[in-house]
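Trainee: Going down the list, the sequences are from chains A and B. Counting along the first sequence from 1, when you hit position 238 you're at 238 in this note's numbering, and nothing is skipped either side. To convert, count from 1 in the second sequence and add 1000; that's this note's numbering.
Everything labelled a hint here was simulated from the structure, so no lab data went into it. Owing to the predicted nature of the structure, the values given are computational and were not obtained by experimental measurement. Idealized CB from N, CA, C, for every residue including glycine. Just to be clear, a hint being listed does not mean it is correct.
To be verified - Label pairs and their calculated CB-CB ranges:
| # | chain 1 | residue 1 | chain 2 | residue 2 | range |
| --- | --- | --- | --- | --- | --- |
| 1 | B | PRO1157 | A | THR200 | 37 to 43 angstroms |
| 2 | B | LEU1110 | A | TRP47 | 21 to 27 angstroms |
| 3 | B | GLU1036 | A | LEU315 | 33 to 39 angstroms |
| 4 | B | LEU1020 | A | ASN212 | 34 to 40 angstroms |
| 5 | A | LEU301 | B | GLY1257 | 40 to 46 angstroms |
| 6 | B | GLY1256 | A | TRP47 | 48 to 54 angstroms |
To be verified - Here chain B is said to cover these stretches of chain A; the calculated rule only asks that three of the stretch's residues, wherever they fall, bring their Cβ under 8 angstroms from a Cβ of chain B:
| # | stretch |
| --- | --- |
| 7 | 35-48 |
| 8 | 126-135 |
| 9 | 226-237 |
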Amino acid sequence: MSKKVIVHSIKFQKFISSELFAITAFLVGISIFFGMYEPKFLNVTNWYNIFRSSCYLILVASGQMVALIIGGFDLSVGSVMALTSFTTATIMVKIYNSLPNLVVLSLAGGMITGILSGMAVGFVNGLCIAILNVSPFIVTLGTMSLVSGIALYATTGIPIYGMPNIFNRILSTERLFMLPALFYLTAGIIALIWVFLRLTKTGRYFYAIGGNIHAAHVSGISVKYIIIIAYTLCSLMASLSGIFLTARLNSGEATMGAPFMLNSIAAAVLGGVRIGGGVGHIEWVVIGALIITVLSNGMNLMRIESKIQTIFVGLLLIGAVALERLRRRGIYGGTDHQ
Amino acid sequence: MIKQIGLSGVKVNILIMNSLLPITLVLIYTGFAIAEPKFASLENLYNILRQSSYLIMLATAQMIVLITRGFDLSVGSVISMISVSISLVMVRFLQQNPYAVVWAIGLGCLMGLIVGLAVGSFNGACISFLGVNPFVTTLGMLGIGEGFATTLSGGFPISGLPNILTYILSKSYVLGIPAPVILCMAVLTVIYFILNHTILGRSFYIIGSNRKAAYVAGLSTRFNLFFAYVLCSLITAIVAISLTARLGSGEPALGGGLMMQSLMAAIIGGVSLNGGQGHILHCVIGGLFVTVLSNGMNMTNVDSYIQMIVLGIALIAAVFVDGYRRRIR
């Protein structure tokens, strides 16, 4: 009896000092703060809004997480979203205009082209990083410039209109049981990624490579192949988010993804994903993305300029990693030189 | 094929790699000159020299942290932030004391250096003392700088800077050499001296090639790393001041592409991403290369979006070459 209580209390203490508890408490804390400061924040419609707009960041951040887990990162996610938005909208409008009766074909054609174009970018990223063994930093910085250049040149910066209405309705305004349909879709995708990372060999290899790439190589994992898969997956998630955002805006925009680069990395890092690889839980990343969305929603309601929000996101990003480092130093002691 | 000859073959290979960039530079220059005769004019050559001096300085700043095996993503947005803040200081000061132009300029420059020092100390402290990854720190700083630049200025350029600032820092000539080039040479000389003839500078190289060894050898790695970021941000501040002087206004979007261009100049020039390697001359040639490329594309009316594509490809190509270079060594 007493043994059970002790075990429980140890478990409870462990939970209290865990990162999961810290970020959940932070999320609840800022929600309470915004709720007290601005009662509108607690409205049902506002939470509906938060759930809907968090979906985009959740998707990109979980893709970013995959890149972070294998020990890299992806700066090109924002431009992948822009490219996807452009290709999806263009193809969809073209098919819809020539065959107005086959709406399904235009939807499918547009979305498949968008996803393929996004995945192509990820594939190129992975190829450069894996085969040449160069820093993901420079490769993705290069593709960021390259891909957004392509999207901007092709559209000349002008939004693309004329997609079938049903695209916007299904993926943005449709509700199921009080919540946006997009929310369920995102939840489904996240569940799939969870299963992929937890239960498949390839998913476990991501962690192995991020933990120790040489050990992974020696133990027979085809490291290059897995890295290419990881970056392709990352871009796939970004392009899904790009498609959903295109549906919400009801237009294809080549200027769309810019803030997602910083925000996705911040969300992933807030969710406890370690820069350098090997550690990352998708359910925590969802909380991280929710934190960023709540923060920007609350600040919007408080009429704080949107650009000040980037200051907070930047500080939050540095602060989260600094705290984590300090905590680890506290546990293991001494200095750490990597 | 050459490799099989043996040691001398390796030497030949290194020689080829080292002369690859100057040859490409000359080829590109002649290519643009044929396509657009105006490109080859003396006036444009001066223009290229002036433009490249900013980029070379910035590439040097980037190189210092690259040597220590870090990088600074925040240079661009810090330039915007400094440009806006020094313009605000100068304009406000001139509104109250319309005749104290020299004081206004002095105060503005001081302000810029202080902001640079603050940013560098923040970056350096987070990276060296708290042990936060340089990527995260400078990415966060990128957001912070961008936020400050746009909020302080409200998103609009700040005009009303004294003309004499533009004259001194941009338009004047000393012995027939444009002022920015003089400034660039001065900065490069100081940095060359620091990197090659001081303990601090040499420690950057050691930290970059093997941080543990540097620590064991008794270097205070944390302090040295801290100063690398401070130095980087100070040079960034100098570039920000002279760019603001050149435009004659404080621009919240001044630094937009500079982060990428500075990295590109350094890496194309031959500074290694893996730390421990880098020379001033790398930055000079890399900066010239990027400037000639973008100036030439502007002169031949290449679409600015196409320029983004070309620069992206050039960056990735530079990494290809860097990887190959490492494999030879």
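Trainee: All hints, please: hold or fail.
Mentor: Verification of the hints:
1. B/PRO1157 with A/THR200: 37 to 43 angstroms: violated, 53 angstroms
2. B/LEU1110 with A/TRP47: 21 to 27 angstroms: violated, 49 angstroms
3. B/GLU1036 with A/LEU315: 33 to 39 angstroms: violated, 47 angstroms
4. B/LEU1020 with A/ASN212: 34 to 40 angstroms: holds, 35 angstroms
5. A/LEU301 with B/GLY1257: 40 to 46 angstroms: violated, 34 angstroms
6. B/GLY1256 with A/TRP47: 48 to 54 angstroms: Violated: the Cβ-Cβ distance is about 36 angstroms, outside 48 to 54 angstroms.
7. 35-48: This one is violated; 0 residues, fewer than the three required, reach chain B with a Cβ under 8 angstroms.
8. 126-135: It holds: at least three residues are needed, and the stretch 126-135 of chain A offers 5 whose Cβ sits within less than 8 angstroms of chain B.
9. 226-237: Since 0 is below three, the answer is violated.
Hints 1, 2, 3, 5, 6, 7 and 9 from the earlier list are contradicted by this structure; the remaining hints agree with it.
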